[in-house]
Amino acid sequence: MARYILRRILLALPALFGLVLLTFVLTRVIPADPAATLAGDAATPAQLAEIRARYGLDRPLWEQAVTHMRQVLSGDLGSSIFSGRPVMEEIVFRLPATLELTFVALLLATGLGVPLGLLAALNHNGPIDHLARLISVGGLAIASFWLAIMLQLIFAMDLDVLPLRGRIDVALGAPPTVTGFFLVDSLLAGRLDLLVDTLRHLALPAVTLCLPGLASIARFTRSGVLETLQKDFVLYAQAAGYGRVRLAAIYVLRNAVTVTVAQIGLLFGALISGAVAVEAIFDWPGLGTYAVQAILSADYKALLAVTLVVGVVYAVVNVLVDVAQALIDPRVAEQVK
Amino acid sequence: MLSVEGLSVRIGTGRGQARILDEVTLSVPRGGTLGVVGESGCGKSTLLRAILGILPRGTQVPAGAILFEGRDILADRAASARGRIGFIPQDPYLSLNPVFTAGAQILEAMRHHAPGTRRDHKAKLAELFRAVQLPDPEAALDKYPHEFSGGQRQRLLIAAALACDPALVVADEPTTALDVTTQREILALLRQLTAARGLSLLFVTHDFGVLAAVCERVAVLYAGRVAETGLTRAVLDDPRHPYTRMLLGCHPDRAVDLTGIPGTVPAATAQPAGCRFHPRCPLVQPGCAREVPPMLPLAEGHAVACPFHALPLPEPALA
Ligand SMILES: Nc1ncnc2c1ncn2[C@@H]1O[C@H](COP(=O)(O)OP(=O)(O)O)[C@@H](O)[C@H]1O
Ligand code: SF4
Ligand SMILES: [Mg+2]
Chain B
-2 MARYILRRIL LALPALFGLV LLTFVLTRVI PADPAATLAG DAATPAQLAE IRARYGLDRP
58 LWEQAVTHMR QVLSGDLGSS IFSGRPVMEE IVFRLPATLE LTFVALLLAT GLGVPLGLLA
118 ALNHNGPIDH LARLISVGGL AIASFWLAIM LQLIFAMDLD VLPLRGRIDV ALGAPPTVTG
178 FFLVDSLLAG RLDLLVDTLR HLALPAVTLC LPGLASIARF TRSGVLETLQ KDFVLYAQAA
238 GYGRVRLAAI YVLRNAVTVT VAQIGLLFGA LISGAVAVEA IFDWPGLGTY AVQAILSADY
298 KALLAVTLVV GVVYAVVNVL VDVAQALIDP RVAEQVK
Chain H
21 MLSVEGLSVR IGTGRGQARI LDEVTLSVPR GGTLGVVGES GCGKSTLLRA ILGILPRGTQ
81 VPAGAILFEG RDILADRAAS ARGRIGFIPQ DPYLSLNPVF TAGAQILEAM RHHAPGTRRD
141 HKAKLAELFR AVQLPDPEAA LDKYPHEFSG GQRQRLLIAA ALACDPALVV ADEPTTALDV
201 TTQREILALL RQLTAARGLS LLFVTHDFGV LAAVCERVAV LYAGRVAETG LTRAVLDDPR
261 HPYTRMLLGC HPDRAVDLTG IPGTVPAATA QPAGCRFHPR CPLVQPGCAR EVPPMLPLAE
321 GHAVACPFHA LPLPEPALA
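From first to last, the protein sequence lines stand for chains B and H.
Number 206 in my numbering belongs to position 209 of the first sequence; there are no gaps in the numbering.
Take any residue in the second sequence, note its place counting from 1, add 20, and you have its number in my numbering.
It cannot be assumed that every hint is accurate.
Stated by the list, open to error - Computed footprint of chain H on chain B; a stretch qualifies when at least three of its residues, placed anywhere within it, have a C-beta under 8 Å from a C-beta of chain H:
#: 1; segment: 242 to 254
#: 2; segment: 319 to 331
Claimed, not checked - In the EDC-like style, the derived pairs of lysine to aspartate or glutamate whose C-alpha atoms are separated by at most 20 Å in a straight line are:
#: 3; chain 1: H; residue 1: Lys144; chain 2: H; residue 2: Asp156
#: 4; chain 1: B; residue 1: Lys228; chain 2: H; residue 2: Glu89
#: 5; chain 1: B; residue 1: Lys298; chain 2: B; residue 2: Asp38
#: 6; chain 1: H; residue 1: Lys163; chain 2: H; residue 2: Glu89
#: 7; chain 1: B; residue 1: Lys228; chain 2: H; residue 2: Glu193
#: 8; chain 1: H; residue 1: Lys163; chain 2: B; residue 2: Glu224
#: 9; chain 1: H; residue 1: Lys163; chain 2: B; residue 2: Glu331
#: 10; chain 1: H; residue 1: Lys142; chain 2: H; residue 2: Asp162
#: 11; chain 1: B; residue 1: Lys298; chain 2: B; residue 2: Glu86
#: 12; chain 1: H; residue 1: Lys163; chain 2: H; residue 2: Asp185
Calculated directly from the structure, the hints in this document are not laboratory data.
Since this is a predicted model, take the numbers as computed values, not measurements.
Built from N, CA and C at the ideal position, the CB exists for glycine as well.
So that you can see chain B by itself, here it is in the shape it has in the complex:
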């Protein structure tokens, strides 16, 4: 098992290496001439040459690539062309905001989607199954910006029970930063009022973001359970006199969710890209809003940093998914040997 995990991590490294290389290529492709971008429209040839020399742009390409690699590894992602501030500072503040939102959405999607899929399968072609199908189709078909605005209209404007936007009440202020996750930090600070306020702010964007994921998790769980129920070992377990609830909820489900868990890796990518729209609507101070700003102001340094960070998060999540799969099904780790 430990060997399997190590292997998965080692296998993720080339992907990360490729990602860093890709960001380098992008810095060379997006601005036709980075020196010209930096120097501005009115620069003289002498000024351009001076800038090339200062940023190492006159060095051979492979040398520049190595320098880029070294900088990235040391956590130096450069400074925003727009604000001049180090990009890393922004990321450190914004990444936890996005991760908190996506993790809560993922938790909701899994925590509701798996039981829904299970109940639907056990109630094959019955009312619960139809309801689950409705939710699945709806969850995938409803545009998230529309849902977000409807939720805002209903819960924030009409009923006025949840905040309209933002991550926390400005009057309360953020909890002292330890992890950057407000849920964790407010707990660490012993501030229940902040915890409740964070949850209230999370509710609408997390529900919006989780719905497509919930739909596909429910669908995969349902088909996984239906498939597993056909297996000989289920019949055998029934004959052996297993309890009904235990048979369905543990014995069958553990087989069924291997496929679902594999899906979560893919789903995470969808969640991150979905977060861009959701963050924009709810004014959530995460990577999504940052990326939108960066695009609008042609801040390619910031954009590359976001790409890199999202890529790393994605790689980490996929290693976690692989490990989770191996924990659920011991044959997964065996097959790779």
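Got chain B sorted already, so can you dock chain H with the ligands onto it with the hints?
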């Protein structure tokens, strides 16, 4: 102990109703062994599923009773035999859940159906693993099914069948998926363990050789009906039903499976009227396609469902 009385089982399918079992009557006395033999598709597994209480959805049981330890387990849901009858399934590869350890799977059944604490169960299971001659019985509890060979898995399933101290064990062709050497070892083990514990055994097979090695009594099933039943010795030495006679005549060594008769078992959705064997029977008489032949008692519990059982078979049928 166990008696099945006039059991009929139907399943609705796309091609109409499948009449899988029809008025099947048989019994296993306390400590006795009964073999049910018949070609593939004649309803052997369905019979066991009815007894174990795991018939598929949509199955109807229009007639019959299954008495287990004095109670009708079909009529009285509370008397369900699940967990009270040891079951050795046909396929040791598909019958264990690949994502749980062997121990976890058997202990779950013991939790519901065996007295004692979890620690007692573990100790007992390790002892059973030793009895079925699994290598390293203690460690076997924590191994996953894929870490065992086919023969070892069947040993595991035998241990599982005995784990809750059932009075009756039913086995569905438990050696079909195994090679010949392993088959012999498993049969010997099964015989030894059930005899030592005085268990009743209902053993399903399509192999007369296997049957003769394990069972005192036999019921020959054809297309969902009992064709002949009696002491294994009596039936083997003096088979009366044309079907049984042809089976044994085709295969004097009695160790070959039942494929030597021209024609095939009819589909369960298209059972012939009258005697179900009549389209293949060399002795067929005009009435055979109309009348369902009754079970005729012969000597000492030997009975046959053919009024023409005394007629000799024509020579070519035995060739
Ligand atoms: N779930 C089912 N639906 C429809 N037909 C079935 C089903 N299960 C078994 N049958 C039919 O019932 C007959 C007997 O099957 P089975 O009991 O498995 O026979 P055996 O174990 O003797 O090979 C076969 O013709 C089979 O096609
Ligand atoms: S009843 Fe008729 S068809 Fe059936 S076995 Fe006897 S002779 Fe053959
Ligand atoms: Mg069968």
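Tested hints:
1. 242 to 254: This one holds; 4 residues, not fewer than the three required, reach chain H with a Cβ under 8 Å.
2. 319 to 331: holds (count 5)
3. Lys144/H - Asp156/H: Satisfied, since the Cα-Cα distance of roughly 15 Å is no more than 20 Å.
4. Lys228/B - Glu89/H: violated (30 Å)
5. Lys298/B - Asp38/B: Holds: Lys298/B and Asp38/B sit about 19 Å apart, inside 20 Å.
6. Lys163/H - Glu89/H: violated (35 Å)
7. Lys228/B - Glu193/H: holds (18 Å)
8. Lys163/H - Glu224/B: Judged against 20 Å, a Cα distance of about 25 Å means the pair is violated.
9. Lys163/H - Glu331/B: Holds, at roughly 13 Å.
10. Lys142/H - Asp162/H: holds (11 Å)
11. Lys298/B - Glu86/B: holds (13 Å)
12. Lys163/H - Asp185/H: violated (23 Å)
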